[in-house]
Structure formats: C-alpha cells, structure tokens
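Trainee: The lines below spell out each chain.
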Amino acid sequence: MKRFVLSLAILVIIVCYSASGIFILKEKNNRLINLLNEILYYYNSNDYDKALSLAKSFDKDWYDYERKMSVLVHDNKIQNINMSVAKIKPYLNDKNEELNAEIESICHQIELMYQAEFPTWYNIM
Amino acid sequence: MAIVFIRAVVLYMLLIFSVRLMGKHQIGELQPSELAVTILISNIATLPVEDASIPLLTGILPILTLACIDVIMSWLGVKSRRLRTLTCGKPVVVISNGEIDQKKMKDIRFSVDDLVSVLRSQGIFDISEVQFAVVETTGSVSVYQKRPYQTATNMSVNPDENYDKSDNPPELVIEQGKIIPGALERLKISEENIRVILEKEKVLMRNVFIMTIDAKEDYNIIRKEA
Numbered sequence: 001m002k003r004f005v006l007s008l009a010i011l012v013i014i015v016c017y018s019a020s021g022i023f024i025l026k027e028k029n030n031r032l033i034n035l036l037n038e039i040l041y042y043y044n045s046n047d048y049d050k051a052l053s054l055a056k057s058f059d060k061d062w063y064d065y066e067r068k069m070s071v072l073v074h075d076n077k078i079q080n081i082n083m084s085v086a087k088i089k090p091y092l093n094d095k096n097e098e099l100n101a102e103i104e105s106i107c108h109q110i111e112l113m114y115q116a117e118f119p120t121w122y123n124i125m
Numbered sequence: 001m002a003i004v005f006i007r008a009v010v011l012y013m014l015l016i017f018s019v020r021l022m023g024k025h026q027i028g029e030l031q032p033s034e035l036a037v038t039i040l041i042s043n044i045a046t047l048p049v050e051d052a053s054i055p056l057l058t059g060i061l062p063i064l065t066l067a068c069i070d071v072i073m074s075w076l077g078v079k080s081r082r083l084r085t086l087t088c089g090k091p092v093v094v095i096s097n098g099e100i101d102q103k104k105m106k107d108i109r110f111s112v113d114d115l116v117s118v119l120r121s122q123g124i125f126d127i128s129e130v131q132f133a134v135v136e137t138t139g140s141v142s143v144y145q146k147r148p149y150q151t152a153t154n155m156s157v158n159p160d161e162n163y164d165k166s167d168n169p170p171e172l173v174i175e176q177g178k179i180i181p182g183a184l185e186r187l188k189i190s191e192e193n194i195r196v197i198l199e200k201e202k203v204l205m206r207n208v209f210i211m212t213i214d215a216k217e218d219y220n221i222i223r224k225e226a
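Chains as they are written, first to last, in my numbering: chain A, 1 to 125; chain B, 1 to 226.
A few of these clues could be false.
[Claimed, not checked] Label pairs and their in silico Cβ distance ranges:
no.	chain 1	residue 1	chain 2	residue 2	range
1	A	Ile-14	B	Thr-85	20 to 30 Å
2	A	Phe-4	B	Pro-148	28 to 38 Å
3	A	Lys-2	B	Leu-83	14 to 24 Å
4	B	Thr-85	A	Asn-34	25 to 35 Å
5	A	Phe-4	B	Glu-161	22 to 32 Å
6	A	Lys-2	B	Ile-210	41 to 51 Å
7	A	Ser-70	B	Ile-69	48 to 58 Å
8	B	Leu-172	A	Leu-6	22 to 32 Å
9	B	Gln-131	A	Ile-14	42 to 52 Å
[Said to hold, decoys possible] Non-contacting residues of chain A with respect to chain B, defined by C-beta distances greater than 10 Å in every case (computed):
no.	residue
10	Phe-4
11	Leu-8
12	Ser-18
13	Leu-25
14	Ile-33
15	Cys-107
16	Ala-116
17	Pro-119
Simulated from the structure, these hints should not be mistaken for lab results. For every residue, glycine included, the Cβ atom is placed at its ideal position computed from N, Cα and C.
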C-alpha cells in the first residue's frame, strides 16, 4: 500500500509538473514575443535607442528562458534560436534591414517550440 | 565529462529507487508486463547518459512514470483477477493426469523439447513420471510428479510425528561485529543474552565475523580472522 501511494503521488507530481511546464512555456513565450514585437515597432519607428534598451531587456529574459527550457527541451532547438538572438543587437546597431526577418524567425521558432511541447495527437504520435 | 559522470550517478540512483519501488518481483522471475517495463527503463536510462544535449529530465520522467504505472497496475492486479489475466496472462496446464495436452502446447508455442528440458532441469528424465505440469505466467514450469515418484517427506514417512511449530532456522544476529537490527526481536532473545553467550565464548563483539542463533539459543560464532 505504501508503494502504491508513493507511486500515485509521484505520478500526480509528474502530471502537475508537465502541465505547469506547458503553461509556463506559453507565458514566457508570450512575454518574449511581445518584447520582440516592441523592438520591431521601435526599430521601424526609427527610435533606435528605445529598441536597443528593449533588446538588452530581451537578452536578460532570453537567458532566463534558455536556462529553464534547457531542462525541458532538446539543446539543439534552443541553440538554433540562440544564433538568431545573438544577431539582434548587432543588426540594431548597424540598422540592418535583416532585423525584421531575424525577429520573425525567432518568434516563429519560439512558437514552434511551444507547439512541439503541447500534447496534441500529432505530437504524441 | 563531469556532466556525464553526474548524470550517470543520478540515473543509477534513480534506477535503484525505481527497482526498489517496483518491489521484489523485479529481481526474480518477471511477469510479461514487468519484463516490458524493465526493457523500456534500461533503454531510456542510457540515452541521457550518452547524449548530454538531451535534458536529464526527459530520462527521469519516463523512468519514474513507468515504474509508478507498474506499481499501480500490479496493485490493481491484486484487486482484479481480470486485470491480472490481461497483463500477466494465465498459467496453462500442459500435462494433466499424466497426459500431455498437445493442443495447449501448440497454443502457447511450447515445444516438446522445451518441456523435456524443463523437466530434466528438475531432475525428471522420464515424462511418464509427471502427473501434472503447468506453464506459469513467468514462463517457468511447475511439475507435480506421480505419487510413486515423489520424494518422501517426514510427513509421509512418519505421519504421527509431533513437530515443533516454532522450529525456525537460525538467524544471523551479528555481522562484522554489529548486531543486526530486528533479528533479536524476531527470535525474542535479548541483547543481554547475546552478550552473556559472547562472554562465555570469551569473544568480544567487535571480533565476531558472523553469529547465528535460533529460538532455542543454539548458536554458531565465526570469529574475524586476525
């Protein structure tokens, strides 16, 4: 009976952890995507200083997100996004036109990561 | 390298915990469901050790999930015979009244060679000596010999003999100079009695390699080698 109760408790913890992981991922994704959209907005409005300060704030958030996600998802997925994140500040400093595409790419990959973790029929199969 | 080492240690401890959680069954003969879980767990455990880019948690979660499901299924199996049959199967009688049930043997794909080899491993070289044989769900075969071939027991030789119902075998009470917790309580012998015996034998407890004793206080002491 002791083992049964312990097993049940562990299973409940795993289910709760998995479910909360997905919600946390969604929340963090939204925050990052919002930040990226703001950077893009200020960049397109030619407010480069504001865009740069937001990019610094994004860097901090991304570092926190990367640390947490490395516990949940395969390192390769995070490394791909990392490459794009590293380009944001140099592109902003150079006022490079490719910033739009890079930010779109990050948003898309972050969204894909959430979609891959969400327990849909296709993901399970 | 350090990461691989730490991961291996973590997974080793997790596997020990999982196997302990699953209980004694996992160490002896395995039921089909337990075999499946064991194979899966051993496979899953190797992945995060080999590849540091795979999160350790993706190894830990499925191992714990499988171990817990196994415990829950076996607990439910104790409550429900139908579930037990579903997960473990049913024992199959292959010899009854001394006759081989060929249809059953064909059903479970159990060849005569398999049967004869199992009988030989139990010291039975003539199949006509067998009265009843069952292939258990673990794949082992339980055999009941015909009466003339059965080994004589105290009961069959001397049915009127009175025997002591508390005639348990001797228990290990001291190992490497230390008293084993619980052993004395089971035998209902006090620690003081043990000390008296050791004094009588002129041996210090720390010099005892092993000591066994039974409820009648018949003991055997093996001293540590100098």
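Trainee: Just checking, Cys-107(A) versus chain B, shortest CB gap more than 10 Å?
Mentor: For Cys-107(A), whose nearest Cβ neighbour in chain B is about 23 Å away, the distance exceeds 10 Å, so it holds.
Trainee: Checking the smallest CB distance to chain B, is Ile-33(A) really beyond 10 Å?
Mentor: Fine: 23 Å to the nearest Cβ keeps Ile-33(A) off the interface.
Trainee: Quick check for students: does the CB of Ala-116(A) sit more than 10 Å from each CB in chain B?
Mentor: 13 Å, holds
Trainee: Closest CB-CB distance from Leu-8(A) to chain B, is it above 10 Å?
Mentor: With a cut-off of 10 Å, Leu-8(A) comes too close to chain B, as the shortest Cβ separation is near 7 Å.
Trainee: Cβ-Cβ distance between Lys-2(A) and Leu-83(B): within 14 to 24 Å?
Mentor: The hinted range 14 to 24 Å holds for Lys-2(A) and Leu-83(B), with Cβ atoms some 21 Å apart.
Trainee: Using the Cβ atoms, figure out if Phe-4(A) sits within 28 to 38 Å of Pro-148(B).
Mentor: 47 Å, violated
Trainee: Could you see if the CB distance from Phe-4(A) to Glu-161(B) stays within 22 to 32 Å?
Mentor: 43 Å, violated
Trainee: Taking 25 to 35 Å as the stated bounds, is the beta-carbon spacing between Thr-85(B) and Asn-34(A) within them?
Mentor: Violated, at about 56 Å.
Trainee: Confirm or reject the claim that Lys-2(A) and Ile-210(B) have a C-beta distance inside 41 to 51 Å.
Mentor: Roughly 31 Å apart at Cβ, these two residues miss the hinted range, so it is violated.
Trainee: Does the Cβ distance between Ser-70(A) and Ile-69(B) fall inside 48 to 58 Å?
Mentor: 27 Å, violated
Trainee: Confirm or reject: Ser-18(A) is not an interface residue toward chain B, with every Cβ-Cβ distance exceeding 10 Å.
Mentor: 8 Å, violated
Trainee: Is the Cβ of Pro-119(A) more than 10 Å away from each Cβ in chain B?
Mentor: 13 Å, holds
When the structure is compared with the earlier hints, violations turn up for hints 2, 4, 5, 6, 7, 10, 11, 12 and for no others.
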